[in-house]
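A.B. asks: Residue numbers (our numbering), protein chains in the order written: chain D, 1 to 261; chain E, 262 to 327.
Keep in mind that a hint or two might mislead.
DEER-style ranges, computed between Cβ atoms [to be verified]:
{"#": "1", "chain 1": "D", "residue 1": "43", "chain 2": "E", "residue 2": "315", "range": "15 to 25 Å"}
{"#": "2", "chain 1": "D", "residue 1": "228", "chain 2": "E", "residue 2": "317", "range": "46 to 56 Å"}
{"#": "3", "chain 1": "D", "residue 1": "44", "chain 2": "E", "residue 2": "308", "range": "14 to 24 Å"}
{"#": "4", "chain 1": "D", "residue 1": "6", "chain 2": "E", "residue 2": "306", "range": "22 to 32 Å"}
{"#": "5", "chain 1": "D", "residue 1": "2", "chain 2": "E", "residue 2": "269", "range": "39 to 49 Å"}
{"#": "6", "chain 1": "E", "residue 1": "265", "chain 2": "D", "residue 2": "105", "range": "22 to 32 Å"}
Residues from chain D that keep clear of chain E, each with C-beta distances beyond 12 Å, as calculated [as the list claims (entries may be wrong)]:
{"#": "7", "residue": "1"}
{"#": "8", "residue": "17"}
{"#": "9", "residue": "31"}
{"#": "10", "residue": "107"}
{"#": "11", "residue": "139"}
{"#": "12", "residue": "175"}
{"#": "13", "residue": "183"}
{"#": "14", "residue": "201"}
{"#": "15", "residue": "228"}
{"#": "16", "residue": "232"}
{"#": "17", "residue": "233"}
{"#": "18", "residue": "239"}
{"#": "19", "residue": "242"}
{"#": "20", "residue": "246"}
Covered stretches of chain E, as calculated for chain D (at least 3 residues, CB under 8 Å) [unchecked claim]:
{"#": "21", "region": "272-286"}
{"#": "22", "region": "315-322"}
Hints were generated in silico from the structure; no laboratory data involved.
C-beta atoms are modelled at their ideal positions from N, C-alpha and C, and glycine is treated no differently.
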Amino acid sequence: MWTLADRQLNSRLLLGTARYPSPQILQEAIAASGAEVITVSLRRESAQENRDHRFWEYLKASRAHILPNTAGCASVKEAVTTAHMARDLFDTNWIKLEVIGNDETLQPDPFATVEAARILAADGFEVFPYTTEDLIVAEKLAAVGCRIVMPWGAPIGSGQGLRHLEALKTLRQRLPHLTLIVDAGIGKPSHAAEALEIGFDAVLLNTAVSLARLPVMMAAAFKHAVAAGRLAYEAGAMQASSRAQASSPTVGRPFWHEDTF
Amino acid sequence: MQIKVNGRPLEIAATLTVEGLLEQLGYQDHFVAVAVNETCIPRRSYGEHRLGERDTIEILAPMAGG
């Protein structure tokens, strides 16, 4: 068990709900992943579009905690208003704060993110800010009231893994009391395992599962990878060495003899 | 009077509340959140909050997201 905000969870995998082949596969993937927190967004309702309202029914049936996001927001005002609407709709003070600064790279705007986080934290929200691996931004987010910080591994949907591993390690070392979650950029279970191995508390991913050839099977793969990564972190990995060191004992090895009689 | 709903112009009666607007649009049973002029209107206030000339209304629903 571990604590995320004020909730006790078993799984260290947070799962997004976008781009699955069908609502049924989404539901099965959530179950296979073991995720207890799932993300959702808010979009304009339209009577003209014949939207599939089963989506929300499936999510409710999963019994997972809902983490609404402010995806698509490009300003402090938009993000704050969207967070308020999410709180009203989902009856939760959790909000995944995304303020995008560049439409091409989907890079977060760190200045707007910190300002929106300040407003929302003061208003009682548990803010999960999406940010880069920049240490100073993470420190500013903590200073305005964030207990959780979510740096990207790589750009959203890119599947490149942990592009700046050393910077992520620095975040973990310098911010030991924050809950750190790698959000975005994870493409394979080994990426998720690596994030947990370096001491991150959890990972949040979406397309690595939803765009897999078999999403439900991939969800299970991530479940095991995250658990393995955490176990490895707690077990303490050996130090890497540039030289070979025989693992079998040299004493009494067979066929060894002195060069001379 | 004229308002905008999700970016589209709409002509409504001058006395309409948020609750009335949702009914008029057929959203009364939909799971939605509402903002008027970029301020969230809590659900408990739908029946009291009267819309004004040139108000801009956002009506949002849950969608898949990462």
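A.B. asks: Determine for every hint whether it applies to the structure shown.
C.D. replies: Results of checking the hints against the structure:
1. D/43 / E/315: 15 to 25 Å: At 24 Å between Cβs, range holds.
2. D/228 / E/317: 46 to 56 Å: holds (50 Å)
3. D/44 / E/308: 14 to 24 Å: Hint holds: Cβ distance 23 Å, inside 14 to 24 Å.
4. D/6 / E/306: 22 to 32 Å: Between residue 6 of chain D and residue 306 of chain E, where Cβ atoms are some 28 Å apart, the hint holds.
5. D/2 / E/269: 39 to 49 Å: The hinted range 39 to 49 Å holds for residue 2 of chain D and residue 269 of chain E, with Cβ atoms some 46 Å apart.
6. E/265 / D/105: 22 to 32 Å: holds (31 Å)
7. 1: holds (26 Å)
8. 17: violated (5 Å)
9. 31: holds (17 Å)
10. 107: holds (15 Å)
11. 139: holds (26 Å)
12. 175: Correct as stated: the minimum Cβ-Cβ distance to chain E is 24 Å, above 12 Å.
13. 183: Since the minimum Cβ distance to chain E is about 9 Å, residue 183 of chain D lies within 12 Å and the statement is violated.
14. 201: holds (19 Å)
15. 228: holds (23 Å)
16. 232: holds (26 Å)
17. 233: holds (25 Å)
18. 239: holds (36 Å)
19. 242: At roughly 40 Å from the nearest Cβ of chain E, residue 242 of chain D sits farther out than 12 Å, so the non-interface label holds.
20. 246: holds (47 Å)
21. 272-286: violated (count 1)
22. 315-322: holds (count 4)
Hint violations for this structure: numbers 8, 13, 21, all remaining hints satisfied.
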